[in-house]
Amino acid sequence: MSHYLATKTSVVNWLRGLSSENQVYFPQKHGEVSYRFTPVRTDSDIQFERYAPTIVPPVKQLAPARDELLQFKRSESGKTEVRASLDTCFRILAGVRPCDLKGIFLMDLFFKNGAPDAYYLARRENTAIVGCSCVAPCDSRAFCEAVESLNHTEGADVFLTPQGGDDFLVEVKTELGKKLTSPAGWRPSEEVRRTSKPVQQFGRAFSASVPEITKLVAGRFNSPVWEKHVSRCFSCGTCNLVCPTCYCFDVADDLNLDVTSGTRTRTWDGCMLPGFAVVVGGHNFRAEPAARQRHRVKRKFEYLPEKHGHGAVCVGCGRCGRQCTSHIDIYDIVSDLIQEGGR
Amino acid sequence: MSTVPSSWQDLARQSFMPQAGRIAEITDMTAKDRYFRIELEKPLGHRPGQFVMVSVLGVGEAPISISCGPRKDNMLEMVIRRVGRLTQVIHGLKVGDELGIRGPYGSGFDLDDFYGRDVLFVAGGLGLVPLRSLITPVVAEAGRFGQITIISGCRNPSEELFRNQLRDWSDAGINVTRLVDGTENMPWEFGIGLVTDPIPKLKLDPEKTVVALCGPPVMYKFVIAALMSKNVPQDQIFVDLERRMKCGVGKCGHCQINQVYCCQEGPVFRFSSLAGLPEALR
Chain A
226 MSHYLATKTS VVNWLRGLSS ENQVYFPQKH GEVSYRFTPV RTDSDIQFER
276 YAPTIVPPVK QLAPARDELL QFKRSESGKT EVRASLDTCF RILAGVRPCD
326 LKGIFLMDLF FKNGAPDAYY LARRENTAIV GCSCVAPCDS RAFCEAVESL
376 NHTEGADVFL TPQGGDDFLV EVKTELGKKL TSPAGWRPSE EVRRTSKPVQ
426 QFGRAFSASV PEITKLVAGR FNSPVWEKHV SRCFSCGTCN LVCPTCYCFD
476 VADDLNLDVT SGTRTRTWDG CMLPGFAVVV GGHNFRAEPA ARQRHRVKRK
526 FEYLPEKHGH GAVCVGCGRC GRQCTSHIDI YDIVSDLIQE GGR
Chain B
612 MSTVPSSWQD LARQSFMPQA GRIAEITDMT AKDRYFRIEL EKPLGHRPGQ
662 FVMVSVLGVG EAPISISCGP RKDNMLEMVI RRVGRLTQVI HGLKVGDELG
712 IRGPYGSGFD LDDFYGRDVL FVAGGLGLVP LRSLITPVVA EAGRFGQITI
762 ISGCRNPSEE LFRNQLRDWS DAGINVTRLV DGTENMPWEF GIGLVTDPIP
812 KLKLDPEKTV VALCGPPVMY KFVIAALMSK NVPQDQIFVD LERRMKCGVG
862 KCGHCQINQV YCCQEGPVFR FSSLAGLPEA LR
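So the sequence lines, in the order shown, correspond to chains A and B.
Going by the numbering used here, the letters in the first sequence line up with residues 226 to 568, in that order.
Going by the numbering used here, the letters in the second sequence line up with residues 612 to 893, in that order.
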């Protein structure tokens, strides 16, 4: 659609303006080094330059840690009334980096394909996204270019690209984006976003392409690599919780104090947790940490790509490695698999 | 929340919203297994081998095998073992109480794979519960099948399920072998041994035989090995697998066997289709 040139100040003021009437989330500093997507207030610090990836990715606003599915109430006649707790509040996710944008794009596929998920899709339909491209790698853990997410813009309503100096190229990509940017009064531009490959590798690189990696990972069910990378794994599941494309969940009920009403809620679960595949009788289909690690990696590079027909389902944000207590990094695991495959 | 479009409400209703079912009959089968007949608002329209998600709102939800063959009325039959908090509560319910039901889910068995063939059922413990949803329609139309054989085994005599029905099937001329691992000093007039024991002695024409088996995880590889040594083709062996499940609609991730979602592509699989799924029989 349309392109504009805008100064950084005007973009910041535009977001602040939007926040007076809407819930706008932008990565804001949390403690010394961390960032979180938190609601913008008119006096919030909004800075686009360099922020480390947020602790949890923005897609978790659409698939929250506690997602209420049903509310129920038992009447005196003994009948139980049940209704779906759909969240259709409008929200804006701003400052979403390409890796996280791709995470949202992939989650859209997962929740749309097969049995469509009303809860995620209702939130998604009522969410506007303002993406922002990266000019430099966020830190030494990122490998976004290696998994083809560095230039991802699909799914954004508005996409911002720093142009050097104080200017931003503003790409309005949807009708919703047009509506949101109409009060900004920016000057139209003929400029196009340059997606040419940076001279240097952006973040860490793999010695194989994404199609080669998916093929290599698919062939490696029995490999010493799985064992090697779990010797110091605590099976804590942090890697699952911070991943932009992990969405497995548990479902549990809560009864209110009146004991006649309550809720059914889904909460994040993780395939690295020891009890994830335990059935009645105690049999665990993935009892060893290495089997769970293999499952996690294969979901990202084999199972879900195959199911949804899409390259890699790891977006290279580096969160799992960055936040792992033992510094187990999916980048190292995949690198070892590539090396083992003779590449 | 009043502004939610009805289309989202409809979609939500199709996924996690249980339908009310009324308990019409409860029968104790063993000390920990109880048979439930549930009256639904409309016919379930299930295939043999499918399952439903059963819930008590406020307590929780779990996948439970359907134990009756396809039926035209509104009835659903299940056997529920008391193993956890939810099943403990379900065991405390009385005739007339409500249960939440959603489904049916899963692939199930296709009777067309069985017509005209000799049929062998191998059930271990609770495995008889889902297999009964296939045995019932097969026995009901016994003339459309060749020889029908049932091998049912359990730990000890007090744990045997559907005793009367096993006797009835036997009386109806079906070849029924009833086994226990040990009698544990209880009266028992049938065989002692594992469900694999009778297989080598069976007179079966491997090309003409279709097998359906369900039991605890440890049982599968031994039964399959016994069937392979009788040269039963891999695509004529159907296994009904068990997995942890939280949604039934291919999203929660718990039931995944490699790339396959057991709740959708299973729980019934042709053994030949498990070749690329090394996690299937672990």
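Warning: the hint list may mix true and false statements.
To be verified - With a cut-off of at most 25 angstroms between alpha-carbon atoms, the simulated DMTMM-like pairs for lysine to aspartate or glutamate come out as follows: (1) A:K298 - B:D684; (2) A:K304 - B:D708; (3) B:K841 - B:D723; (4) A:K304 - B:E800; (5) A:K304 - B:E652; (6) A:K440 - B:E650; (7) B:K841 - A:D479; (8) A:K453 - B:E890; (9) B:K832 - A:E306; (10) A:K440 - B:E876; (11) A:K304 - B:E770; (12) B:K841 - A:E415; (13) A:K298 - B:E876; (14) B:K643 - B:E709; (15) A:K304 - B:E876; (16) B:K705 - B:E688; (17) B:K705 - A:E513; (18) A:K337 - B:E876; (19) A:K532 - B:E890; (20) B:K832 - A:D478; (21) A:K532 - B:D723; (22) A:K304 - B:D621; (23) B:K653 - A:E513; (24) A:K532 - B:E688; (25) B:K653 - B:D621; (26) B:K814 - B:E770; (27) A:K298 - B:E890.
Unchecked claim - Sample of chain A residues with no beta-carbon within 10 angstroms of chain B, all distances over it, derived: (28) G303; (29) L480; (30) K532.
Unchecked claim - Quick look at which bits of chain A chain B covers, simulated, 3 or more residues with Cβ under 8 angstroms: (31) 241-254; (32) 260-267; (33) 544-554.
Keep in mind that the hints were calculated from the coordinates and are not lab data.
All C-beta atoms in this analysis are idealised placements derived from N, C-alpha and C, irrespective of residue type, glycine included.
Next item on the list: Measure nothing beyond the straight line between the CA atoms of K298 of chain A and E890 of chain B; if it is 25 angstroms or shorter, mark the hint as holding.
Entry: violated (41 angstroms)
Next item on the list: Take a quick look at whether K841 of chain B and E415 of chain A sit within 25 angstroms of each other, Cα to Cα.
Entry: Given that 25 angstroms is the threshold and the Cα spacing comes to 75 angstroms, the pair is violated.
Margin query: Just to be careful, I want the Cα atoms of K832 of chain B and D478 of chain A compared with a cutoff of 25 angstroms; is the pair within it?
Written below: violated (37 angstroms)
Note to self: According to the definition I'm using, a residue is off the interface if its beta carbon is farther than 10 angstroms from all beta carbons of the partner; does K532 of chain A meet that for chain B?
What the structure shows: K532 of chain A not clear of chain B: closest Cβ-Cβ about 6 angstroms, inside 10 angstroms.
Note to self: Hint check: K532 of chain A vs E688 of chain B, CA-CA at most 25 angstroms. Holds or violated?
What the structure shows: Outside the cut-off at roughly 34 angstroms; violated.
Note to self: Hint check: K304 of chain A vs D621 of chain B, CA-CA at most 25 angstroms. Holds or violated?
What the structure shows: Given pair K304 of chain A, D621 of chain B holds - Cα atoms ~21 angstroms apart, limit 25 angstroms.
Margin query: Hinted pair, alpha-carbon criterion (25 angstroms max): K304 of chain A, E770 of chain B. Please report holds or violated.
Written below: Answer violated: K304 of chain A to E770 of chain B is near 35 angstroms, above 25 angstroms.
Notebook entry, point to check: the segment 544-554 of chain A covered by chain B? Criterion: 3 or more residues, Cβ-Cβ distance below 8 angstroms.
Noted result: With 0 residues in contact (Cβ-Cβ under 8 angstroms with chain B), the coverage given for the segment 544-554 of chain A is violated.
Next item on the list: With a cut-off of 25 angstroms on the C-alpha distance, tell me whether K705 of chain B and E513 of chain A pass.
Entry: It is violated: about 42 angstroms lies between the C-alpha atoms, which goes past 25 angstroms.
Check: Are the Cα positions of K337 of chain A and E876 of chain B separated by 25 angstroms at most?
Finding: Measuring from Cα to Cα gives roughly 18 angstroms; hence the hint holds.
Check: Do the alpha carbons of K814 of chain B and E770 of chain B lie within 25 angstroms of each other, as the hint requires?
Finding: Violated - the C-alpha atoms of E770 of chain B and K814 of chain B are around 29 angstroms apart, more than 25 angstroms.
Margin query: Given the hinted pair K298 of chain A and E876 of chain B, is their Cα-Cα distance within 25 angstroms?
Written below: Roughly 34 angstroms between the alpha carbons, so the hint for K298 of chain A and E876 of chain B is violated.
This entry does not satisfy hints 1, 4, 6, 7, 9, 11, 12, 13, 15, 17, 20, 21, 23, 24, 26, 27, 28, 29, 30, 31, 32 and 33, going by the numbered hints stated previously.
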